[in-house]
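My request is simple: use the sequences and hints to build the entire structure.
Chains as they are written, first to last, in this note's numbering: chain A, 7 to 101; chain B, 17 to 997.
Far from chain A, by Cβ distances over 10 Å, these chain B residues were calculated:
(1) S170
(2) E623
(3) A931
(4) K966
List time: in silico SDA-like cross-link candidates among lysine to any residue, alpha-carbon distance up to 20 Å:
(5) K297(B) to N10(A)
(6) K180(B) to E21(A)
(7) K503(B) to L404(B)
Hints in this document: simulated from the structure, not taken from any laboratory. In this text, all values refer to a predicted model and were calculated from it rather than measured experimentally. Beta carbons: idealized from backbone N, C-alpha and C, even for Gly.
One letter stands for each residue in the lines below.
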Amino acid sequence: MIINHPLLGPRDAAEFTYLGDASMIDRPDWQAEDAAEAFYDYAYLRDNLAGEHRELWYHEAGDRSWLVVTRDTTTHEISKVELARDVARARGRSK
Amino acid sequence: MTQSNRLSGGQIDRNTTVNFRFDNRSYTAHPGDTLASALLANDVRLIGRSFKYHRPRGLLTAGSEEPNGIVELRTGARKEPNTRATTIEMFDGLEATSQNRWPSLKFDALGVNDLFSNFLSAGFYYKTFMWPAAFWEKVYEPIIRRAAGLGSLSMEDDPDEYDKGFRHCDLLIIGAGPSGLMAALTAGRAGADVILADEDFQFGGRLNSETLSVGDQNASDWAAQAVAELSSIPNVRLMPRTTVIGAFDHGIYGAVERTGDHLPSLPAGKPRQILWRIYTKKALLCAGATERPIAFENNDRPGVMMASALRTYANRFAVTASSRVAIFTNNDDGHRTAADLHAKGVHICAVVDVREDAPVNYDYEVLSGAKVIDTKGRLGLTFVEVALPDGSTRTLDCGALGVSGGWNPNVHLTCHQRGRPVWNEALAAFVPGSNLPVGLTVAGAANGRMSTFGALQSGAEGAAAALDLKGAPPKLPEAEDAPVAQKPFWYVEGCKRAWVDQQNDVTVKDVKLSYQEGFRSVEHLKRYTTLGMATDQGKTSNITGLAIMAEVAGKSIPETGTTIFRPPYTPVPISTFAGRMKGQEFHPTRLTPSHHWAKERGAVFVEAGNWLRAQWFPLPGETHWRESVDREVRQTRASVGVCDCTTLGKIDVQGTDAAEFLNRVYANGFAKLAVGKTRYGLMLREDGMVMDDGTAARMAEDHFVVTTTTANAVSVYRHMEFVRQCLFPDMDVQLISTTDSWAQYAVAGPNSRKLLQKIVDPEFDISNEAFPFMACGNITVCGGLRARLFRISFSGELAFEIAVPARYGDALMRRLMSEGEEFDVVPYGTEALGVMRIEKGHAAGNELNGTTTALNLGMGKMVSKKKDSIGSILSEREALVEPDVLRLVGLKPVSPEDKITPGGHLMNAAGPVDAANDQGYATSAAYSPILNSNIGLALLKDGANRLGEKMRLVSPLTDLTVEVEIVSAHFVDPEGERLRA
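Set out below in structure tokens:
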């Protein structure tokens, strides 16, 4: 596979390490009332999609960027590649 | 006998004669021959024995689809089993041996299997070798393994080199027949970067096998001229002897180039084969088509061959399989073979055509509406029996029979992603479907364009469309453009022992049996009968098998299903996939800066991931590793020892939010750590389990140096980057791995300070008052060399870790050794390190095994509840904090000489020994030369409250029971007075 890195252009997937569902960016608030429940969901529950999937890839043999790759799990077609940091900020994460 | 079957013409170099050997007999051939054509030229028809029944077999085809003509090539360590004689390029001195026969090819003892064929039909393994169950491993399997099977391995290391490489192009053209050549000319002339790959050593494909003309030239001359033009275009790369084996995601193709297989011996440094990864913008599949057989009784005798193969041997290699040839066909293409052979002076006994309206020929007899119903000849074809439409039979006296059942487009690569071929009624064949790999299109016979002109035209159009070329299409030469004329015909009614898959010995009867016994889906048919599962992957048999199944089921072929093709297109040696990654080069080896010094000292090394670490340093006279390790431990605890700990992961953490960042990744607090201090850090996974541990030293307000375990250096760094980029993207913190930048040494023991004071520059005070336990700082040593000093201890002794830039590691180690002579300094390895950490009760890899929590390891209180850190919430889950959870304890055998076995389980002193009564398990063990006893660490239920209890450590697998006492994990200096000294 080829991942079109937003900063470096097309790179072979062999340079990357896969983590999984991009929902791992949405880490719950540790002080919330239902934190225990929310962290359980966060750590263990994933959607197993046939189709478009947003997932985290790490450019380990490259610039060490974490990326959010939108990939169709049935065809491996990659429709979007973003810096995970930008996605995290857009989803309200900060410090 | 010298090449008695040679004809005139051909594309072989008759001016040169080469010698080769087959089954220890010498023969001659010419450059341009394959082993197959050379054997035929020398009238060798019997080449091997079949897989199951050991029936005599010869060549069926002239290409890579060959199921029968497989031999062992070369000798000694270079012996290669299961190579297809049809693809082996002739060279002087070639040696080949037939396989799967004993004692000889002409008399094979296991030919007796053929007589018992009724018991060896489809599924016989499952039916015959059921009882008694115990017989399978000891009796049946060894017999079957000896009897079945193909060639044998040399059992020696492959002496040749293999390589891997990467290539890029605008257009990859797969196959250099008429469509591939025309596509390459079109794309190359337009300036595109083109790779043209073909498995053959000579480009041209079918053009080399035909007497047709292209334009005003002979077909093979046109091909040669096209190759000459392509060679002169700098943006075109020609890759002969290269098989494109697979189509992968996003336009990436795998290809195997056989760079050395055609050479008598490899020049030094030249790889035998290269595995290419080709990155393409577009690809055009011009793989042609494969002729399919017709199944009839005893259709597997040497001499029964594909009609197109007879034509290839005659036209390209100037060889005929026999001086008397018959043809059995259901289509016009079979007649071409008869015409070509006749023109070369070969006697055509008859053309047997299943069609009532077969074309007439005045040069030889054509039997219309006739079928071949049987053959004769023990080791090679002598007679063919033909049923005529009037019900009578006739015997043809011939040495070869060319069979043509029509052509199957080579759609294999179109299926490598998720494409399924579709049935084309007019061709009676599968053609590429719509769901092709991204960027791939198909031209020529592979796409169902069976005529020469159709191939040329679709090649040119395919290239133009793939590259979006504007302008007038190239002028195409005139060529044959006949439509396909055939009557679908798969097998002769009433036949039983008629072979569908010759390589795996699957007959028409087996296919029918599979249907009768309920294995009716194509996938079941394949697995039940092994149809198409041999090394040829059913290139000549899959569709025929499918057609027979369809007929028995009363369904159409597309209703019955289709086979799925998977990479590789043809077999690839494992060595080619391995490339240079073998032996020591299987993975990279990382050496620490003082490795050579350790080697000089005679160190014994152990692999730790990619690293080599000194395990112990034997002295002359020491005969057992324990002697060395015990000495290293005693000397370190008595005076001073030095251990190379460079391999520990080192991560530089900088930025105004560095402390807060560490607060999040470590379970314990770091915000208040003072500059100049080091703290032990416990890192959890989000699920609450311990991920890793290490230390973080605050070198400045905004600068920490973090260490990880050797094993987790990569994954911890990755995790920290995840936390930084994905969870807290606005933190001002930067990370970089500095593992390789610093050489680091533990200097441990009561005299460690005295030793270091000899090399630390005098302006730095490292006394206990100025540089207490857990202090850290930037210093200089040996007169100005920058270094980092940490007062941390893994051994439990007064200890330091000193780091210098990597290139000074070797010098520092030598200096420490010479300066330490007065203290009797000892270098110690990972074994002594392990012994001392077990004596001290420090958790390490065996305890941080991915299933343990901080509480399990006796560090529950370190998990801060006052801050947000990874894993803190889930570490409090009910089951993880129950009162009797596993706790880290020490084990001491009641008899000191009894060994602790890591992995052994703890059971109460009395009562049953079973899983229900399991109390925990031993994780680490060592012999303590300080306590003069074996000791161990264990995780024990409610362990903190069971000190002093006597238990049994059991290992039912090894029948071991040892009486042990539960003690504190801190065997040595439990109060920690030594490390604060």
